[in-house]
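Enquirer: Whenever a hint applies, use it, and build me the whole structure from the sequences.
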Amino acid sequence: MTINRRLFIGTAAAASATLAAPMVLADGHAEPRVVVIGGGAGGATAARYIAKDSKGAVDVTLVEPTRTYFTCFFSNLYLGGIKQMDDLGHSYGGLAAAGVNVVHDWAVDVDRDAKTVSLAGGATLGYDKLILSPGIDFVDNAVAGWDLNAQNAMPHAYKGGSQTELLKAQLMAMPEGGTFAMVAPPNPYRCPPGPYERVSMVAHYLKANNPTAKIIVADPKPKFSKMALFQEGWADHYEGMIDWIGEDFGGGNVSVDPSGMTLSIDDEETKVDVCNVIPAMKAGRIAQIAGVTDGNWAPVNAADMSTKADADVYVLGDASQQGDMPKSGFAANSQAKVCANAVRGALTGSKVFPAKFANTCWSLIDTNDGVKVGATYEATDEKIAKVDGFISTTGESAEVRQTTYEESEGWYAGITADMFGAKV
Amino acid sequence: MKSIKWFSLSVAVSVFVTGAAAEVVGDPERGQQVYKKCASCHMVGPEARNRVGPVLNNILSARAAGVPEFKYSEAIKEAAQDGLHWTAETLDAFLQDPKQMVPRTKMSFRGLKSEEDRIDVIAYLASFSGGAMAAQVDEGFVISADILAIEGDVEYGEYLSSECTTCHQESGSDDGIPAIVGWETDDFVTAMHAYKQKNREHPVMQMVTSRLSNEEIAALAAYFKSLEN
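For the record, the sequence lines run as chains A and B. Residue 1 is where the first sequence starts when you use our numbering, and the numbers rise one by one after that. Residue 1 is where the second sequence starts when you use our numbering, and the numbers rise one by one after that.
Hints are computed from structural coordinates only; laboratory data are not their basis. Among the clues, some could well be false.
Derived SDA-like pairs: lysine to any residue, alpha-carbon spacing no greater than 20 angstroms straight-line [unchecked claim]:
no. : chain 1 : residue 1 : chain 2 : residue 2
1   : A       : Lys83     : B       : Phe70
2   : A       : Lys55     : B       : Ser171
3   : A       : Lys55     : B       : Ser226
Expert: Below you can see the structure in the form of structure tokens.
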């Protein structure tokens, strides 16, 4: 009986794949054109899958300013000294090999009526479908005393690359017994466990190099992702080093002075040596310029990641407001594959299968002490809705934690190959 | 006769399939005794590190010459570049006579002449290979012949596979998450159902498989098998 029921569901799901009639192209150009803005976990994956699966039938252009992409995921492991910066850098050669036209430029404007994207270098790109995967920007005046001009004195290090290197340099230059402060962000933000993995990796570095140093975390939230796992790990590995001040203790009432290097929590001022300010976030700027945002984020339809504002404009990853998925590289990669399947179907008439999403986030607490949280999701009319999930538990054996960490390394190799193509 | 055919998965999971002829598989406990011949040069297990020879964790389905920081011979590196992966079959051939399979390999070992020894030591090594490979299912775990007989839709499998390739590499590389390319479809289907029925441990795999139908599992098996070449 069970088998019959499953057979039925399976057949129904496969049968609900639809063959779309190919879209009629605006000005009669030969091949349908897709422009993807942003070459991270969402954009690079979408560009590669559309180019790879359409086998030349779709003209795919990826607009990404940097020539080497440094992942934000695993950047905390660089802070902890476990990974090198080179381990986190990826070129776009594999995308070009897959048939993607990679343009290293900034997208500065989108004209949704004319269906064009303007680049800082002066070029204009026409599109039939536009995919935006711009990641995050920071909300103005989110932390009193901090703006982007202060990002050298008080780095956010929440975009991979130079900011991460700056924070690492400041961590290494801390005086003996000094204070590392973090201002954690309010929900929703990129990588929910990220700030707390960072605290762990900073503590890991300090324990070996500056063991009398202290870490203060000012947090506007009363609780955070994997909280019990992190707090157990902090007590086990870094006892007495980390002072987490949550919302209930004034962690949300914060101001900073980047010139004087002070942090004020609930009107109590502290002199700090490093101050990692991670402000409230919003969709990357081009999503706002394109006019597909509502408030800080871009609302999308769960079935294909098209925006509520424009059926020919899609938003992936952190910038999207989709429902239950966390903002993570894994989630963006998952959404990109659903989007790529739908976009290709709309442009070429290829089969469109039902949307399915998944996410897993690994965090490292100390050497070989890895934890993870994950869930599966489906598309409903309202949102991307959670189906099922799991989380590591406190008190797991060292073997389980090591296996989890090794798995995260395998995932890093896997997702970066999925984004950029296999390393040659 | 012990059979090599079923090896890649069945050594690890001792699968018994109803309707299929009983297969005799490797005995990892006996393999541990055989492994003593290897242990003067190779380590395996959680504390293993490279010695005269590389660590043998995750050896099954790994690309040859793939252990970081080990200085391999040019010969084995060239074989790896030509696509040599360690499967039960290739390991069996290598262990029978290393210098015949890879001339000028640094491995100074005359080989295991006994097929039984080779099968058992590979079964032992399989128990240290990857999350999936090392996972055990109960001996009584059964997949019906009906489920194994479902013909997978490769195109649907290709679409579904994008959920797998966030972690499992399409190229068949293994950097900490097992390779799943080129598996026999029966092995693949059995492993997926073992996760789905919580007979095999791994929270991510149990979660992912819990919502895969029998047809979807068959489609994935057919697709990943098709990537073999």
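Enquirer: Which constraints among the numbered hints does this structure fail? Numbers only, ascending.
Expert: Checked against the structure, no hint fails, so every one of them is satisfied.
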